[in-house]
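A.B. asks: Sequence:
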Amino acid sequence: TNKENIALSEANKLGIRSFAMNDTNTDPNKVSFPIPSNDDATKSINCILSIVREAISEGLEERNLDQEKKADEKRDKAKKIVEKK
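Note that our numbering has the sequence shown beginning at 1, numbered continuously upward.
No wet-lab data here; the hints were simulated from the structure.
We put the beta carbon where it would ideally sit given N, CA and C, even for glycine.
Mixed in with the good hints, there may be bad ones.
[To be verified] Derived Cβ-Cβ restraints for the label pairs, each shown as a range:
1. Asn-25 x Gln-67: 40 to 48 Å
2. Ser-9 x Ala-55: 20 to 28 Å
3. Glu-83 x Asn-29: 56 to 64 Å
Take the sequences, apply the hints, and build the full model.
C.D. replies: Shown next as structure tokens:
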């Protein structure tokens with residue numbers, strides 16, 4: 001967050017939420033969702049990013065299931081309307 005302070009300032013002005021790995025030398029108050037971690041070590045970065053990647057995958061999968069469920073409900077409603085006529 002020290003190196004990308006301009007991007008964080010712009011995001012905050014525009015109301016865009018942000019998340020970042022925060023080490024002890026950064027200000028977590030500038031970030032919407034700070035992740036306390038060592039932002040210099042590649043192992044730490046890989047660990048955090050693998051968790052974020054997994055969470056994104058799970059979220060996308062849940063969204064797809066919800067969309068399929070809504071589409072099925074719409075099809076069922078359409079069938080009922082057609083059957084009544």
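A.B. asks: Now, for every hint given, state plainly whether the structure supports it.
C.D. replies: Each hint tested on the structure:
1. Separated by about 43 Å at the C-beta atoms, Asn-25 and Gln-67 satisfy the suggested range of 40 to 48 Å.
2. At about 26 Å, the CB distance of Ser-9 to Ala-55 agrees with the hint of 20 to 28 Å.
3. A beta carbon spacing of about 59 Å between Glu-83 and Asn-29 agrees with the range 56 to 64 Å that was offered as a hint.
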